[in-house]
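Asks: Each chain is listed here by its residues.
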Amino acid sequence: MARHTEKAPGDAELLQGTLDMLILKVAALRPIHGYAIVQRIQQISREALQIRQGSLYPALYRLENQGLLKSDWGKTETGREAKYYSLTKAGRKHFEAETAGWKRLCDAVSLVLESAE
Amino acid sequence: MFKRRNWEARMNKELEFHLESLIADYKAQGLTQAQAEQQARLDFGAMELAKDECRDQKPANWLDNLTRDIRYTARTLSRNPGFAIAAILTFALGIGANTAIFSVVYAALIKPLPYAIPDQIYSAEVALPERPSMPVPVQAFLEWRKSETVFSAIAALRPWECSLSGDGEPERLGGAKVSTNFFSFLGVPVARGRDFAAAEEQPGNDRVIVISDALWRRRYGAGPAVIGKSIDINGESHQIIGVAAPSLLVPTGTLLNPILAFAPRVDIWKPIAPTSRDLQNESWDHGIFVRLRPDARLEQGRQQFQSILTAFYRTVAPGASITFKINLLPVREVYAGKLRLRLLFVLAAAALLLLTACTNIANLFLARLASRSTEFATRVALGAGRARLLSQTLTETTVLALAGAAFGIILATNSAALLSKLAGEDLQLLAAPPLNLPALLFALFAAVVTGVACGLFPALHTPNMQDSARITGTSTRFRQVLIGVEMALGTALLATTGLLIHSFVKVINADRGYQIERILSVDLSLFGPRYGPAASRVAFYRDATDNLRAIPGITAAGAISDSPAANSSSGASRTIFHPTDTDFQHTVFMRPVAMVRAVTSGYFAASGTALRAGRHFESQEPAPTALISESLARNLWPNEPLPSVIGRGIRQGNVTGPVITIAGVVEDVRPGAADRESPPVIYRPHSQWASGPATLFIRTAQDPATLAPAVREAIRGMDANLPIPAIRTMREIVLESVSQRRFQLILTSLFALLALLLGAIGVYGVVSYSVECRTREIGLRMALGAMRADILRWIISTGMKPVFIGLTVGLAAAIVMARLLRSQLFGVTPTDPISLGAVVLVLLATSTLACYLPARRAARLDPLTALRH
Numbered sequence: 001m002a003r004h005t006e007k008a009p010g011d012a013e014l015l016q017g018t019l020d021m022l023i024l025k026v027a028a029l030r031p032i033h034g035y036a037i038v039q040r041i042q043q044i045s046r047e048a049l050q051i052r053q054g055s056l057y058p059a060l061y062r063l064e065n066q067g068l069l070k071s072d073w074g075k076t077e078t079g080r081e082a083k084y085y086s087l088t089k090a091g092r093k094h095f096e097a098e099t100a101g102w103k104r105l106c107d108a109v110s111l112v113l114e115s116a117e
Numbered sequence: 001m002f003k004r005r006n007w008e009a010r011m012n013k014e015l016e017f018h019l020e021s022l023i024a025d026y027k028a029q030g031l032t033q034a035q036a037e038q039q040a041r042l043d044f045g046a047m048e049l050a051k052d053e054c055r056d057q058k059p060a061n062w063l064d065n066l067t068r069d070i071r072y073t074a075r076t077l078s079r080n081p082g083f084a085i086a087a088i089l090t091f092a093l094g095i096g097a098n099t100a101i102f103s104v105v106y107a108a109l110i111k112p113l114p115y116a117i118p119d120q121i122y123s124a125e126v127a128l129p130e131r132p133s134m135p136v137p138v139q140a141f142l143e144w145r146k147s148e149t150v151f152s153a154i155a156a157l158r159p160w161e162c163s164l165s166g167d168g169e170p171e172r173l174g175g176a177k178v179s180t181n182f183f184s185f186l187g188v189p190v191a192r193g194r195d196f197a198a199a200e201e202q203p204g205n206d207r208v209i210v211i212s213d214a215l216w217r218r219r220y221g222a223g224p225a226v227i228g229k230s231i232d233i234n235g236e237s238h239q240i241i242g243v244a245a246p247s248l249l250v251p252t253g254t255l256l257n258p259i260l261a262f263a264p265r266v267d268i269w270k271p272i273a274p275t276s277r278d279l280q281n282e283s284w285d286h287g288i289f290v291r292l293r294p295d296a297r298l299e300q301g302r303q304q305f306q307s308i309l310t311a312f313y314r315t316v317a318p319g320a321s322i323t324f325k326i327n328l329l330p331v332r333e334v335y336a337g338k339l340r341l342r343l344l345f346v347l348a349a350a351a352l353l354l355l356t357a358c359t360n361i362a363n364l365f366l367a368r369l370a371s372r373s374t375e376f377a378t379r380v381a382l383g384a385g386r387a388r389l390l391s392q393t394l395t396e397t398t399v400l401a402l403a404g405a406a407f408g409i410i411l412a413t414n415s416a417a418l419l420s421k422l423a424g425e426d427l428q429l430l431a432a433p434p435l436n437l438p439a440l441l442f443a444l445f446a447a448v449v450t451g452v453a454c455g456l457f458p459a460l461h462t463p464n465m466q467d468s469a470r471i472t473g474t475s476t477r478f479r480q481v482l483i484g485v486e487m488a489l490g491t492a493l494l495a496t497t498g499l500l501i502h503s504f505v506k507v508i509n510a511d512r513g514y515q516i517e518r519i520l521s522v523d524l525s526l527f528g529p530r531y532g533p534a535a536s537r538v539a540f541y542r543d544a545t546d547n548l549r550a551i552p553g554i555t556a557a558g559a560i561s562d563s564p565a566a567n568s569s570s571g572a573s574r575t576i577f578h579p580t581d582t583d584f585q586h587t588v589f590m591r592p593v594a595m596v597r598a599v600t601s602g603y604f605a606a607s608g609t610a611l612r613a614g615r616h617f618e619s620q621e622p623a624p625t626a627l628i629s630e631s632l633a634r635n636l637w638p639n640e641p642l643p644s645v646i647g648r649g650i651r652q653g654n655v656t657g658p659v660i661t662i663a664g665v666v667e668d669v670r671p672g673a674a675d676r677e678s679p680p681v682i683y684r685p686h687s688q689w690a691s692g693p694a695t696l697f698i699r700t701a702q703d704p705a706t707l708a709p710a711v712r713e714a715i716r717g718m719d720a721n722l723p724i725p726a727i728r729t730m731r732e733i734v735l736e737s738v739s740q741r742r743f744q745l746i747l748t749s750l751f752a753l754l755a756l757l758l759g760a761i762g763v764y765g766v767v768s769y770s771v772e773c774r775t776r777e778i779g780l781r782m783a784l785g786a787m788r789a790d791i792l793r794w795i796i797s798t799g800m801k802p803v804f805i806g807l808t809v810g811l812a813a814a815i816v817m818a819r820l821l822r823s824q825l826f827g828v829t830p831t832d833p834i835s836l837g838a839v840v841l842v843l844l845a846t847s848t849l850a851c852y853l854p855a856r857r858a859a860r861l862d863p864l865t866a867l868r869h
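Sequence lines, in order, name chains G and P.
In this text, residue positions in the first sequence follow my numbering: the first is 1, and each later residue adds one.
In this text, residue positions in the second sequence follow my numbering: the first is 1, and each later residue adds one.
Since the hints were derived computationally from the structure, they do not count as laboratory data.
Heads up, the beta-carbon is just placed ideally off N, CA and C, and yes, glycines get one too.
One or more of the hints may lead you astray.
As the list claims (entries may be wrong) - Pairs of lysine to aspartate or glutamate, EDC-like flavour, derived with a Cα cap of 16 Å:
id: 1; chain 1: G; residue 1: K83; chain 2: P; residue 2: E16
id: 2; chain 1: P; residue 1: K58; chain 2: G; residue 2: E98
id: 3; chain 1: G; residue 1: K83; chain 2: P; residue 2: E37
id: 4; chain 1: G; residue 1: K25; chain 2: G; residue 2: E81
id: 5; chain 1: P; residue 1: K13; chain 2: P; residue 2: D52
id: 6; chain 1: P; residue 1: K325; chain 2: P; residue 2: E299
id: 7; chain 1: G; residue 1: K75; chain 2: P; residue 2: E20
id: 8; chain 1: P; residue 1: K51; chain 2: P; residue 2: E16
id: 9; chain 1: P; residue 1: K229; chain 2: P; residue 2: D167
id: 10; chain 1: G; residue 1: K93; chain 2: G; residue 2: E47
id: 11; chain 1: G; residue 1: K75; chain 2: P; residue 2: E333
id: 12; chain 1: G; residue 1: K93; chain 2: G; residue 2: D72
id: 13; chain 1: P; residue 1: K27; chain 2: P; residue 2: D52
id: 14; chain 1: P; residue 1: K270; chain 2: P; residue 2: E333
id: 15; chain 1: P; residue 1: K270; chain 2: P; residue 2: E236
id: 16; chain 1: G; residue 1: K83; chain 2: G; residue 2: D72
id: 17; chain 1: P; residue 1: K13; chain 2: G; residue 2: E81
id: 18; chain 1: P; residue 1: K111; chain 2: P; residue 2: E299
id: 19; chain 1: P; residue 1: K146; chain 2: P; residue 2: E161
id: 20; chain 1: P; residue 1: K13; chain 2: G; residue 2: E98
id: 21; chain 1: P; residue 1: K338; chain 2: P; residue 2: D52
id: 22; chain 1: P; residue 1: K421; chain 2: P; residue 2: E736
id: 23; chain 1: G; residue 1: K83; chain 2: P; residue 2: E299
id: 24; chain 1: P; residue 1: K270; chain 2: P; residue 2: E200
As the list claims (entries may be wrong) - Computed far set for chain G versus chain P, every beta-carbon distance over 10 Å:
id: 25; residue: V38
id: 26; residue: G54
id: 27; residue: N65
id: 28; residue: A90
id: 29; residue: S115
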């Protein structure tokens, strides 16, 4: 599942499952196109998370294929045509479950780290 | 494909948009166009890689998979053309045979008959306890027609012999007299000229005829001038008023009723116009068609007809207590009734052949699966899903099956003409098998089903494709099972065929009560004023037979009014009364009906019909005399010895006629199709029953065909106006009369032979393969001292094991099948030792040979080479 890479934490490559979660999080707010998703993720993570932008699209297509995302073509503020992604009902459920699981994992990990200190 | 291009374009557009937005942002941050583009590409990463990854996420399209599988199939097959050709040919044989037969079955049993609303049409006949299927007299037709019933229309028809003369070559044709509404009843209007008018059923107005499209084209060159033309039929002038539609289908032969004999082709129709004399006599010789009203019940109509006929008969014969039963048969039964079983039998044989072909192909696939086990195992290891492998195998078999079906259809189209030639006259009317759409659909369906079955079977049986050794092991065992199945199918088919062949031989060689070897036969019919006086007809046949006997090479000649070889009788039949019977109406249905056959004095010498008691006719018989058949004698005087019958009296047709003295009893005769009943017959001297039509029996000392021209010459010399149809040998006539049986036999034999061939190929393939796999083992055995003969015996006995099992199962199945089809057999039991024994021998010989060839190869192996294998 996870690719083991030895990289500096600031330049962290995303674990595959993590990218999916971030996409779902960003798309949960409102319909959003691919470029904006990248912008948002980098903005929220204060540029700490670097995405190889090209790898976003396979993830988007996969999520759409799994029925977690749906897409529509729409116009941007500048009047260009772009593909907007939004969460399906299943996507929302999946996101909630994943978030809860992530939280539990994080809590557990920090518990271990803190007690070890 | 269009969808796919669309999808690709949208993906490009989306990625393009991303890149452009990125560039725009960098430019907004102050970078130059070139710098911005470079930075954007860096951020985005490899564009083509991203696209490929996106494509991988695209939902799997069955069409894409299929295209990929088909491409893969084409590749693998082209690498192994021998296998592909073998499989396609096998499929082509199986599917082609089934398609051809199906197209005949469709034409005969399924396709709607060419009438207006054919489902409403029924044939009506009378059933009495001792006469289950009788035509009706014209009076019954008239009574039924004038009564109010659930039938919206009623039509009548009866056979009518026609001799055409006056314009060109005299000719004898099949005709029918029909009620004037006949063509409108069927809903098939005449193509040219006009239909009959109702007034033309009045005697005197009835000299009008409608001719068939075939006759119009053949004899009158399809000219328009034929309408209104007068032609001579049976010496009387008739006007042609119309030409029937080319598609008109009418009952021929004895299709309508076993007692009503129409000609094999009907070319002339004339109105039934009963004279007052006709209305006084009862002649039970009309076939009846009725059309049921759409919402009416058939049973109600049956009862209406029954009570009308019974009531009418009471008025004719007060006091007679006869209750008539009416049978109503759907018109389809008229055409298909006798054929159905034979056709379905042939179809079943074809299906068995297809099954054998499938088994063989499954076998081929297993062999290939085994030889490709390494490839499959590798692919599974590399992550190919089982479902994908299965779908690939299925695609492969289905592609092969479809290719086979294409060849099969070509095969079926080419054999269609052959099939209709093989089929008897009865079948020819129905079978129009330039391949029809339903047959094509059938071929397609058969291809897909067999393709899937052939692929699914072996694929499912190799549960674990990862283990190549196991694939080889299971497939060898499974292939032996398949050989057993194939052998069982082949045996069943072959054994049934054996029974049919033996039946056929028995039918041909059956004792018919007349000779069929070295006999020529020709049907003549005297007509016209020249033959008005009975004495002239008597003189003609007497002189004709005398003249023929004078031809060198002819040893005997005689004439009979109605050929005993005909499967039906067109001649007269009469009720035979005891001289003590006085009340016609009370006794008529209790006495036997016999065919009346007039013979010249030389007839029995020519036909070879044996005398059981008494004497033959002399050349002069002054007093009313008869010879009767054995069955008639037993019917009239049960339990009395035949010699005691001689000298007794009977009356023929009437209780008031002259008493006829029985001079002798002769053996029963069977029609050409010897599996039909022998009718009771009363023979009269031609001088006392001077019929116009007669069949000449001419016995020859040499090959009869060489004498035909001399016979024709002799007859022509006596009357140039007399139509002389083909002069044929009795053997030909008998063969023709069993044409349905022959049709069934030839096709079934062909299928059985093919099945045998496929079976032998299957055995050969499996044994060769196992020899190849066991080369090292064979080498070892030889090195340890096994003799070549031992190796031979060992391989043959291993190879024959599934054959024996299949043979046993197949024989049992064949006996069960034969029991179900007992009516198709003649003179043999379902367990007939001769047929079954011969089949077992043939099968054993073939499969032993199929085992022997690879076994011999094994025995010739050099042990050292084999060990190094």
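Asks: Identify every previously stated hint that the structure contradicts and give their numbers, smallest first.
Replies: 2, 3, 4, 10, 11, 12, 13, 14, 18, 19, 20, 21, 23, 25, 26 and 27
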